[in-house]
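**Q** Those protein sequences? They're chains A and B, same order as listed. All residue numbers for the first sequence refer to my numbering, where the first residue is 3 and numbers rise by one. All residue numbers for the second sequence refer to my numbering, where the first residue is 8 and numbers rise by one.
Quick caveat, the hints were computed from the structure, so don't treat them as lab data. You may find that some hints are simply not true.
List of simulated lysine-lysine pairs, BS3-like, C-alpha gap at most 27 angstroms [as the list claims (entries may be wrong)]:
1. A:K106 with A:K56
2. B:K64 with A:K39
3. B:K60 with B:K77
4. A:K70 with A:K109
5. A:K106 with A:K7
6. B:K60 with A:K70
7. B:K60 with A:K7
8. A:K39 with B:K77
9. A:K106 with A:K39
10. A:K56 with B:K106
11. B:K18 with A:K109
12. B:K106 with A:K7
13. B:K106 with A:K106
14. B:K18 with A:K106
15. B:K18 with B:K77
16. A:K58 with A:K109
17. B:K106 with A:K109
18. A:K106 with B:K60
19. B:K64 with B:K18
20. B:K106 with B:K64
21. A:K58 with B:K106
22. A:K73 with A:K113
23. A:K7 with A:K58
24. A:K113 with A:K7
25. A:K39 with B:K106
26. A:K113 with A:K70
27. B:K18 with A:K73
28. A:K56 with A:K39
29. A:K56 with A:K113
Just a few of them, taken from the derived set where beta-carbon distance is under 8 angstroms, the chain A residues facing chain B [as the list claims (entries may be wrong)]:
30. S30
31. F32
32. L36
33. Y41
34. P42
35. E44
36. P46
37. F48
38. S54
39. K56
40. F91
Quick reminder that beta carbons are idealized off the backbone N, C-alpha and C, glycines included.
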Amino acid sequence: DQQVKQNSPSLSVQEGRISILNCDYTNSMFDYFLWYKKYPAEGPTFLISISSIKDKNEDGRFTVFLNKSAKHLSLHIVPSQPGDSAVYFCAATGGSQGNLIFGKGTKLSVKP
Amino acid sequence: DAGITQSPRHKVTETGTPVTLRCHQTENHRYMYWYRQDPGHGLRLIHYSYGVKDTDKGEVSDGYSVSRSKTEDFLLTLESATSSQTSVYFCAISRGNEKLFFGSGTQLSVL
């Protein structure tokens with residue numbers, strides 16, 4: 003059973019607008035959440051993370067929101083740029099060192 | 008650059024042949040991981056290592072074995088490759104916290 007779910011395989015957004023990528027999880031033991039960005043033919047790169055003791059973390063154009071009661075997190079990108087076009091993976095962990103559980107990913111396309 | 012080198016970057020092999028993928032790190036970190044990425048499945052953990060000769064299974068370990076004889080090298084072996092093991096394989100390291108840093112990947116095709 004999927005513990006981390008990204009229900010939207012793809013998202014298309016106009017340049018300059020907001021991109022919102024969503025992620026749901028089922029395991030209440032998860033206490034740390036991460037977003038990774040992946041370009042074709044490259045490895046995933048860390049983007050932003052949030053601990054379960056917080057409900058928001060911001061880094062430049064990227065903000066992650068965590069709603070623990072709903073077991074839901076979202077990544078906001080404002081403003082979106084064409085260079086943001088990539089696959090975004092949500093990941094979660096809790097307990098074992100570094101054993102991240104990944105969602106299936108959402109492919110973001112930002113159109114000029 | 009996370010100081011991780013994966014080799015080879017691309018490999019084509021035949022069903023039933025053994026294949027070994029190599030991950031080399033330059034940073035002397037204790038934890039290393041092998042993931043595979045497949046369309047519709049995201050990234051799934053195959054095996055991980057928490058020190059020399061210390062390894063454990065991940066979510067999709069069947070058909071794979073690993074070895075870590077030196078801190079800097081983590082090998083992934085497919086003893087008898089199958090078409091279902093066609094995938095992109097990523098090695099990752101942990102720098103002591105929850106964040107993982109990934110290599111550039113190995114594209115493996117099993118025909």
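**Q** Each of the hints needs a verdict: does it hold here or not?
**A** Hint check:
For the given pair, A:K106 sits about 24 angstroms from A:K56 by alpha-carbon distance, which is consistent with the 27 angstroms threshold. Among the hinted pairs, B:K64 with A:K39 is consistent with the structure: their alpha-carbon atoms are about 25 angstroms apart, no more than 27 angstroms. For the proposed pair B:K60 and B:K77, the alpha carbon gap of about 8 angstroms is at most 27 angstroms, so the pair holds. With a C-alpha separation of about 25 angstroms, the suggested pair A:K70 and A:K109 falls inside the 27 angstroms cut-off, and the hint holds.
Of the pairs offered as hints, the one joining A:K106 and A:K7 holds, with about 7 angstroms between alpha carbons and a cut-off of 27 angstroms not exceeded. Taken as a hint, the B:K60 and A:K70 pair is broken in the structure, with Cα atoms around 38 angstroms apart against an allowance of 27 angstroms. Note on B:K60 and A:K7: the hinted pairing is violated, with a Cα-Cα distance of about 34 angstroms set against a maximum of 27 angstroms. With a C-alpha separation of about 30 angstroms, the suggested pair A:K39 and B:K77 falls outside the 27 angstroms cut-off, and the hint is violated.
Proximity of A:K106 to A:K39 is assessed by CA-CA distance (about 12 angstroms); at most 27 angstroms being required, the pair is judged to hold. Pair hint A:K56 plus B:K106 holds up; C-alpha atoms about 17 angstroms apart against a cutoff of 27 angstroms. For the suggested pair B:K18 and A:K109, the alpha carbons sit about 26 angstroms apart, so the restraint of at most 27 angstroms is met. The straight-line distance between the Cα atoms of B:K106 and A:K7 is roughly 19 angstroms, inside the 27 angstroms bound, and the hint therefore holds.
With a C-alpha separation of about 18 angstroms, the suggested pair B:K106 and A:K106 falls inside the 27 angstroms cut-off, and the hint holds. At most 27 angstroms may separate the alpha-carbon atoms for a hinted pair to count; B:K18 and A:K106 meet this at roughly 24 angstroms. Our distance criterion of 27 angstroms between C-alpha atoms is met by B:K18 and B:K77, whose separation comes to about 24 angstroms. For the suggested pair A:K58 and A:K109, the alpha carbons sit about 23 angstroms apart, so the restraint of at most 27 angstroms is met.
Restraint check: the Cα-Cα separation between B:K106 and A:K109 comes to about 21 angstroms, which is no more than 27 angstroms; the hinted pair holds. Straight-line distance between C-alpha atoms of A:K106 and B:K60 comes to about 31 angstroms, which puts the hinted pair past the 27 angstroms bound. In summary, the hint linking B:K64 to B:K18 is supported, as the alpha carbons are separated by about 24 angstroms, within the 27 angstroms threshold. A distance of roughly 19 angstroms separates the Cα atoms of B:K106 and B:K64; the hinted pair therefore holds under the 27 angstroms criterion.
At most 27 angstroms may separate the alpha-carbon atoms for a hinted pair to count; A:K58 and B:K106 meet this at roughly 18 angstroms. A threshold of 27 angstroms between alpha carbons decides the hint, and for A:K73 with A:K113 the separation of about 31 angstroms lies outside it, so the pair is violated. Proximity of A:K7 to A:K58 is assessed by CA-CA distance (about 20 angstroms); at most 27 angstroms being required, the pair is judged to hold. Among the hinted pairs, A:K113 with A:K7 is consistent with the structure: their alpha-carbon atoms are about 25 angstroms apart, no more than 27 angstroms.
Distance restraint check for A:K39 and B:K106: the Cα-Cα separation of roughly 13 angstroms lies within the 27 angstroms cut-off, and the hinted pair is therefore satisfied. Distance hint between A:K113 and A:K70 is unfulfilled; the C-alpha atoms sit about 32 angstroms from each other, more than 27 angstroms. A distance of roughly 40 angstroms separates the Cα atoms of B:K18 and A:K73; the hinted pair therefore is violated under the 27 angstroms criterion. The hinted pair formed by A:K56 and A:K39 meets the criterion: a straight-line CA distance of about 22 angstroms does not exceed 27 angstroms.
Taking the CA atoms of A:K56 and A:K113, the gap is near 32 angstroms; set against the 27 angstroms cutoff, the hint is violated. Restraint check, A:S30 versus chain B: the minimum CB separation of about 17 angstroms is more than 8 angstroms; hint violated. Restraint check, A:F32 versus chain B: the minimum CB separation of about 11 angstroms is more than 8 angstroms; hint violated. A cut of 8 angstroms between beta carbons decides the hint on A:L36: the least distance to chain B is about 7 angstroms, and the hint holds.
For A:Y41, the interface hint is violated, since its Cβ never comes within 8 angstroms of a Cβ in chain B; the closest pair sits about 11 angstroms apart. Violation of the interface hint for A:P42 is found here, the shortest Cβ-Cβ separation to chain B being roughly 10 angstroms, above the 8 angstroms cut-off. A cut of 8 angstroms between beta carbons decides the hint on A:E44: the least distance to chain B is about 6 angstroms, and the hint holds. This hint holds: A:P46 has a C-beta 5 angstroms from the nearest C-beta of chain B, less than the 8 angstroms allowed.
Because the beta carbon of A:F48 sits about 5 angstroms from the nearest beta carbon in chain B, less than 8 angstroms, this interface hint is met. At a threshold of 8 angstroms, the smallest CB-CB gap from A:S54 to chain B is about 11 angstroms, leaving the interface hint violated. Annotation: A:K56 was flagged as interfacial toward chain B, and the flag is violated, the nearest CB pair being 14 angstroms apart, outside 8 angstroms. This hint holds: A:F91 has a C-beta 6 angstroms from the nearest C-beta of chain B, less than the 8 angstroms allowed.
The structure shown violates the earlier hints numbered 6, 7, 8, 18, 22, 26, 27, 29, 30, 31, 33, 34, 38 and 39.
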